[in-house]
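Q: Protein sequence lines correspond, in order, to chains A and B. To convert, note that position 23 of the first sequence is 23 in our numbering; the numbers rise steadily by one, no gaps. Remember, our numbering sits 1000 above the position in the second sequence when you count from 1.
What the hints contain is simulated information worked out from the structure, not anything from laboratory work. For clarity, every value in this text was computed on a predicted model and none was experimentally measured. Take these hints with a grain of salt, some might be off.
To be verified - Partner residues are not named here, just some residues of chain B that face chain A (Cβ under 10 Å, in silico): (1) G1003; (2) L1013; (3) L1015; (4) R1027; (5) S1029; (6) P1056; (7) T1059; (8) G1062; (9) E1073; (10) V1075; (11) G1078; (12) T1080; (13) P1115; (14) V1118; (15) G1119; (16) G1122.
Idealized CB from N, CA, C, for every residue including glycine.
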Amino acid sequence: MTRPLQRSPLVRPIRPGRPRGGRAVGRPVSVGLAALVAVVLTAGPAAAENPVLDAADDTDLASALAEAQEVQGVCYGYVLSVSDADTGQFSGTFASSSAGAGQAASTATDCPNGTVELVARIDYTSSFSEAEDVAEWQLLSTVAGDLSIVDVEQVTGARAGDLLDDTRSETALLNAVLSLPGLASERADLPPVVLQENTEALPEGARATDTPGSDWLRQNGALLALCVAAVVAGLVALLASRRPGAPRRPSGAPRTFGPPRPYDHPPTDHPPTDHPYPDPRSQP
Amino acid sequence: MTGRNLKIIAVVLVLAGIGGIFALSQRGSPRDHVLRTYEVVTRGEGDSVTLRSPDPVTTTAGDIKQAWKPAEEVVDAGGTFLRYQDLVVAVTPRAEGGSTIFLDDEERGYNRWFPYVVGFWGFGGSGGPIGGTRGGGPGAGK
Chain A
1 MTRPLQRSPL
11 VRPIRPGRPR
21 GGRAVGRPVS
31 VGLAALVAVV
41 LTAGPAAAEN
51 PVLDAADDTD
61 LASALAEAQE
71 VQGVCYGYVL
81 SVSDADTGQF
91 SGTFASSSAG
101 AGQAASTATD
111 CPNGTVELVA
121 RIDYTSSFSE
131 AEDVAEWQLL
141 STVAGDLSIV
151 DVEQVTGARA
161 GDLLDDTRSE
171 TALLNAVLSL
181 PGLASERADL
191 PPVVLQENTE
201 ALPEGARATD
211 TPGSDWLRQN
221 GALLALCVAA
231 VVAGLVALLA
241 SRRPGAPRRP
251 SGAPRTFGPP
261 RPYDHPPTDH
271 PPTDHPYPDP
281 RSQP
Chain B
1001 MTGRNLKIIA
1011 VVLVLAGIGG
1021 IFALSQRGSP
1031 RDHVLRTYEV
1041 VTRGEGDSVT
1051 LRSPDPVTTT
1061 AGDIKQAWKP
1071 AEEVVDAGGT
1081 FLRYQDLVVA
1091 VTPRAEGGST
1101 IFLDDEERGY
1111 NRWFPYVVGF
1121 WGFGGSGGPI
1131 GGTRGGGPGA
1141 GK
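Let the sequences and hints guide you as you build the complete structure.
A: Shown next as structure tokens:
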């Protein structure tokens, strides 16, 4: 009996270390010196740190994949190669699979129905470089059904670039790797891994947090904004068409071009004789 | 552009905008969509409902996600969990083919799928892990 999956008993704070997003070019010299000092101080034989999953994640992942292997006879796992040109703290090769944490699925032996392995690579560029960090991944599969990384991305919505985002990298990699048994089940006609509902009382204090906002707004927000913009634009156009002082052509008058001139009157059989002001053009 | 044309355009924009807002307001909710689309198997406590889909997990979950974008999603070896506002949708495979859909409110859904969503959607508490909740037994195949 494998132990239950407890990926993250506590919500862990965001892992410090890698900067998020693009890099600032031309940082102050003091920052560069501070970074250099930090590099010197931290240089040493310390073990590399997985920037995406920690040891507990790897263990839980291996446990879940081992169950899938037991059901399907397929070995699953991931291998992540990291090149950290900045501090070197994250440089290394990390893996977890149904064979255990720290082991690649491709090295497993008891895989009668094949192996599916997600191979990812992250290149952290130097802080002094203008080049952006790079992440990419692919899927190596010997299982029938032509599984590809596109299938994984479609199912999970995750992209390789998510591995560079501290807020999304953990979920993206876990979802991607844990989607493999389900995909293999559907594509290669392998038995599915069946989940069991929890029927025991939760630990004290366990609860869902960060309740999401409105589903309706999340789904329809963009269209709603478009509709509101259309209404506002329509009202503005309506006001513009009715603004006071706008030139109006009297009914039945011929079309004229150019700006309105004073004392323009529609042609009549008899010119007005009771005009309160004399027409300057008729003055000698 | 003459004032008459401008008025016509203005009226069309206002009517289209109001019509669009009205149409959007008729869209219902993720729960309504699932209940309308899939076959109800059982109704449990509270608002919990179990439904059946003839499609596999990835297709069913993909259709639900396309209709209503979830706030969060957790993919597991045995299913997909979608989180909405006070709604948890779990899509799991059926051994005989197709998939089963579980609808629960936030609290029930979190309790039911705690071993799989803890750490992603909430606080795990301080009482230690729950044992023996995770499945993994072989299904009968499709």
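Q: Work down the list of hints and note, for each, if the structure agrees.
A: Against the structure, the hints come out as follows:
With a cut of 10 Å, the hint placing G1003 of chain B at the interface with chain A holds, because the nearest CB-to-CB distance is about 5 Å. Of the supplied interface hints, the one on L1013 of chain B holds, with its beta-carbon coming within about 3 Å of a beta-carbon of chain A, less than 10 Å. The interface hint given for L1015 of chain B holds, since its Cβ lies 8 Å from the closest Cβ of chain A, which is under the 10 Å cut-off. At its closest, the beta carbon of R1027 of chain B sits 7 Å from a beta carbon of chain A; the interface hint therefore holds under the 10 Å criterion.
Interface restraint check: S1029 of chain B against chain A, minimum CB-CB distance 6 Å, threshold 10 Å, status holds. The interface hint given for P1056 of chain B holds, since its Cβ lies 5 Å from the closest Cβ of chain A, which is under the 10 Å cut-off. With its C-beta approaching chain A no nearer than about 8 Å, T1059 of chain B sits inside the 10 Å limit, and its interface hint holds. Taking 10 Å as the C-beta cut-off, the interface hint given for G1062 of chain B holds, the closest approach to chain A being about 7 Å.
Using the Cβ-Cβ criterion of 10 Å, the hint placing E1073 of chain B at the interface with chain A is satisfied: the shortest such distance is roughly 7 Å. A distance limit of 10 Å between C-beta atoms decides the matter here; for V1075 of chain B the minimum to chain A is near 4 Å, and the interface restraint holds. Because the smallest distance between the Cβ of G1078 of chain B and any Cβ of chain A comes to about 4 Å, under 10 Å, the interface hint for this residue holds. Hint on T1080 of chain B holds. Least Cβ distance to chain A is approximately 8 Å, under the 10 Å limit.
Interface restraint check for P1115 of chain B: the shortest CB-CB distance to chain A comes to about 5 Å, inside 10 Å, so the restraint holds. Satisfaction of the interface hint for V1118 of chain B is found here, the shortest Cβ-Cβ separation to chain A being roughly 7 Å, below the 10 Å cut-off. Annotation: interface hint on G1119 of chain B holds; nearest CB of chain A at approximately 2 Å, less than 10 Å. Satisfaction of the interface hint for G1122 of chain B is found here, the shortest Cβ-Cβ separation to chain A being roughly 4 Å, below the 10 Å cut-off.
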